[in-house]
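As they're listed, the protein sequences go chains A and B. Numbering-wise, the first sequence is residues 1 to 113 according to the working numbering. Numbering-wise, the second sequence is residues 1 to 113 according to the working numbering.
Since the hints were made in silico from the structure, they are not lab data. Honestly, I wouldn't trust all of these hints.
Stated by the list, open to error - With a cut-off of at most 30 Å between alpha-carbon atoms, the simulated DSSO-like pairs for lysine-lysine come out as follows:
1) B/Lys77 / B/Lys95
2) A/Lys53 / B/Lys56
3) A/Lys9 / B/Lys68
4) B/Lys52 / B/Lys95
5) A/Lys22 / B/Lys77
6) A/Lys9 / B/Lys95
7) B/Lys100 / A/Lys38
8) A/Lys22 / B/Lys49
9) B/Lys60 / A/Lys53
10) A/Lys41 / B/Lys56
11) B/Lys77 / B/Lys56
12) B/Lys49 / B/Lys60
13) B/Lys52 / A/Lys9
14) A/Lys38 / A/Lys9
15) A/Lys9 / B/Lys56
16) A/Lys9 / A/Lys22
17) B/Lys95 / B/Lys56
18) B/Lys100 / A/Lys22
19) A/Lys22 / B/Lys52
20) A/Lys19 / A/Lys53
21) A/Lys41 / B/Lys95
22) B/Lys77 / A/Lys40
23) B/Lys60 / A/Lys38
24) B/Lys77 / A/Lys41
25) B/Lys95 / A/Lys40
26) A/Lys53 / B/Lys77
27) B/Lys49 / A/Lys18
28) A/Lys19 / B/Lys100
29) B/Lys77 / A/Lys38
30) B/Lys52 / A/Lys18
31) A/Lys19 / B/Lys95
32) B/Lys56 / A/Lys18
Unchecked claim - Every beta carbon over 10 Å from chain A, so not counted as near; a handful from chain B, in silico:
33) Phe34
34) Gly43
35) Thr65
What the hints assert, rightly or not - One side only, chain B facing chain A, incomplete, derived with CB under 7 Å:
36) Glu15
37) Phe18
38) Tyr39
39) Leu44
40) Lys49
We put the beta carbon where it would ideally sit given N, CA and C, even for glycine.
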Amino acid sequence: DTEVTQTPKHLVMGMTNKKSLKCEQHMGHRAMYWYKQKAKKPPELMFVYSYEKLSINESVPSRFSPECPNSSLLNLHLHALQPEDSALYLCASSQGERQETQYFGPGTRLLVL
Amino acid sequence: GDSVTQMEGPVTLSEEAFLTINCTYTATGYPSLFWYVQYPGEGLQLLLKATKADDKGSNKGFEATYRKETTSFHLEKGSVQVSDSAVYFCALMPKGGNEKLTFGTGTRLTIIP
Chain A
1 DTEVTQTPKH LVMGMTNKKS LKCEQHMGHR AMYWYKQKAK KPPELMFVYS
51 YEKLSINESV PSRFSPECPN SSLLNLHLHA LQPEDSALYL CASSQGERQE
101 TQYFGPGTRL LVL
Chain B
1 GDSVTQMEGP VTLSEEAFLT INCTYTATGY PSLFWYVQYP GEGLQLLLKA
51 TKADDKGSNK GFEATYRKET TSFHLEKGSV QVSDSAVYFC ALMPKGGNEK
101 LTFGTGTRLT IIP
């Protein structure tokens, strides 16, 4: 089973709201990722967690705050977002070894009003 | 730095036509190479991969061969179906690297009956 689940599927929020995206995998993977994908573009890496520790932050604005409560869960906390943050947010996981395949979830489509 | 170049889309083919989507890469050493597919409104799915020179990845009738001499990983399918309509992303992961996938720009494929 190579399933990564994400909730919610869709999210609409105002610029003053606080919301969270959730990602879960039960494949025993030790690396988890957040990507942002704008329409007609490839995904852009935001964060990488390796063995529950943040290993890569691609200079993402602080209004995005990742959290990895355990090896199966990854959250992305959103606060004071801008309309240009509207996008598809994808979670992925991999075994954590170098060059291992990343498996993606279905994404959360976010609209910021 | 590492980069992936894909053929420009969109590509429109008739059902049962032969498909080739070109992908070339620039990287040091021997990266792992991937093709991901994104169906409308969904996340990315791993289609196939190859981890060393001359490896052939295959899945669902799609094939791609890791060609070190031409730094290419072209995607092919002998007879496409309407259900293959999607966006296809070529990607690489550097050897011994930093878990970062480098994506091509994506190729939108539409199959008409």
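Going down the list of hints, with the structure as the test:
Between lysine 77 of chain B and lysine 95 of chain B the CA atoms are separated by roughly 28 Å; this keeps the pair inside 30 Å, and the hint holds. Between lysine 53 of chain A and lysine 56 of chain B the alpha-carbon distance is near 35 Å, which puts this suggested pair outside the 30 Å criterion. Using a Cα cut-off of 30 Å, the hinted pair lysine 9 of chain A and lysine 68 of chain B is violated, with the two alpha carbons roughly 40 Å apart. Using a Cα cut-off of 30 Å, the hinted pair lysine 52 of chain B and lysine 95 of chain B holds, with the two alpha carbons roughly 10 Å apart.
Simply put, lysine 22 of chain A and lysine 77 of chain B have alpha-carbon atoms about 36 Å apart, too far for the 30 Å limit, and the pair is violated. Distance hint between lysine 9 of chain A and lysine 95 of chain B is unfulfilled; the C-alpha atoms sit about 34 Å from each other, more than 30 Å. Of the pairs offered as hints, the one joining lysine 100 of chain B and lysine 38 of chain A holds, with about 18 Å between alpha carbons and a cut-off of 30 Å not exceeded. Distance restraint check for lysine 22 of chain A and lysine 49 of chain B: the Cα-Cα separation of roughly 28 Å lies within the 30 Å cut-off, and the hinted pair is therefore satisfied.
Annotation: proposed proximity of lysine 60 of chain B to lysine 53 of chain A is violated, straight-line Cα distance about 36 Å (limit 30 Å). Taking the CA atoms of lysine 41 of chain A and lysine 56 of chain B, the gap is near 27 Å; set against the 30 Å cutoff, the hint holds. Restraint check: the Cα-Cα separation between lysine 77 of chain B and lysine 56 of chain B comes to about 13 Å, which is no more than 30 Å; the hinted pair holds. In summary, the hint linking lysine 49 of chain B to lysine 60 of chain B is supported, as the alpha carbons are separated by about 13 Å, within the 30 Å threshold.
Between the alpha carbons of lysine 52 of chain B and lysine 9 of chain A the distance comes to roughly 36 Å, so the proposed pair goes past 30 Å and is violated. For a cut-off of 30 Å, the pair hint linking lysine 38 of chain A to lysine 9 of chain A stands: about 16 Å separates their Cα positions. A threshold of 30 Å between alpha carbons decides the hint, and for lysine 9 of chain A with lysine 56 of chain B the separation of about 35 Å lies outside it, so the pair is violated. This hinted pair checks out: lysine 9 of chain A and lysine 22 of chain A have alpha carbons roughly 10 Å apart, not beyond 30 Å.
Only pairs whose Cα atoms come within 30 Å are accepted, and lysine 95 of chain B paired with lysine 56 of chain B is accepted, the gap being roughly 18 Å. A distance of roughly 21 Å separates the Cα atoms of lysine 100 of chain B and lysine 22 of chain A; the hinted pair therefore holds under the 30 Å criterion. Simply put, lysine 22 of chain A and lysine 52 of chain B have alpha-carbon atoms about 35 Å apart, too far for the 30 Å limit, and the pair is violated. The straight-line distance between the Cα atoms of lysine 19 of chain A and lysine 53 of chain A is roughly 22 Å, inside the 30 Å bound, and the hint therefore holds.
Restraint check for lysine 41 of chain A and lysine 95 of chain B: the C-alpha separation of about 25 Å stays at or below 30 Å, so the hint holds. At roughly 23 Å between alpha-carbon atoms, lysine 77 of chain B and lysine 40 of chain A fall within 30 Å of each other, so this suggested pair holds. As the CA atoms of lysine 60 of chain B and lysine 38 of chain A are separated by approximately 27 Å, the hinted pair is consistent with the 30 Å bound. At roughly 24 Å between alpha-carbon atoms, lysine 77 of chain B and lysine 41 of chain A fall within 30 Å of each other, so this suggested pair holds.
A distance of roughly 28 Å separates the Cα atoms of lysine 95 of chain B and lysine 40 of chain A; the hinted pair therefore holds under the 30 Å criterion. Straight-line distance between C-alpha atoms of lysine 53 of chain A and lysine 77 of chain B comes to about 40 Å, which puts the hinted pair past the 30 Å bound. Of the pairs offered as hints, the one joining lysine 49 of chain B and lysine 18 of chain A is violated, with about 38 Å between alpha carbons and a cut-off of 30 Å exceeded. Proximity of lysine 19 of chain A to lysine 100 of chain B is assessed by CA-CA distance (about 27 Å); at most 30 Å being required, the pair is judged to hold.
A distance of roughly 28 Å separates the Cα atoms of lysine 77 of chain B and lysine 38 of chain A; the hinted pair therefore holds under the 30 Å criterion. Between the alpha carbons of lysine 52 of chain B and lysine 18 of chain A the distance comes to roughly 45 Å, so the proposed pair goes past 30 Å and is violated. Between lysine 19 of chain A and lysine 95 of chain B, the direct Cα distance comes to roughly 37 Å. Violation of the 30 Å bound is thereby established for this hinted pair. Among the hinted pairs, lysine 56 of chain B with lysine 18 of chain A is inconsistent with the structure: their alpha-carbon atoms are about 46 Å apart, more than 30 Å.
Remark: the non-interface label on phenylalanine 34 of chain B conflicts with the geometry, its nearest Cβ contact in chain A lying 7 Å away (cut-off 10 Å). A cut-off of 10 Å between C-beta atoms contradicts the statement that glycine 43 of chain B is not in contact with chain A; the least separation is 4 Å. The Cβ of threonine 65 of chain B sits about 18 Å from the closest Cβ of chain A, beyond the 10 Å cut-off, so the non-interface label holds. The beta carbon of glutamate 15 of chain B comes no nearer than 24 Å to any beta carbon in chain A, farther than 7 Å, and the hint placing it at the interface is violated.
Given hint, phenylalanine 18 of chain B at the interface with chain A, is violated; its Cβ is 25 Å from that chain's nearest Cβ, farther than 7 Å. Contact between tyrosine 39 of chain B and chain A, as hinted, is not supported at the beta carbon level, the nearest pair being about 10 Å apart and thus beyond 7 Å. Given hint, leucine 44 of chain B at the interface with chain A, holds; its Cβ is 4 Å from that chain's nearest Cβ, closer than 7 Å. A cut of 7 Å between beta carbons decides the hint on lysine 49 of chain B: the least distance to chain A is about 6 Å, and the hint holds.
Going through the hint list in order, the structure does not satisfy hints 2, 3, 5, 6, 9, 13, 15, 19, 26, 27, 30, 31, 32, 33, 34, 36, 37, 38.
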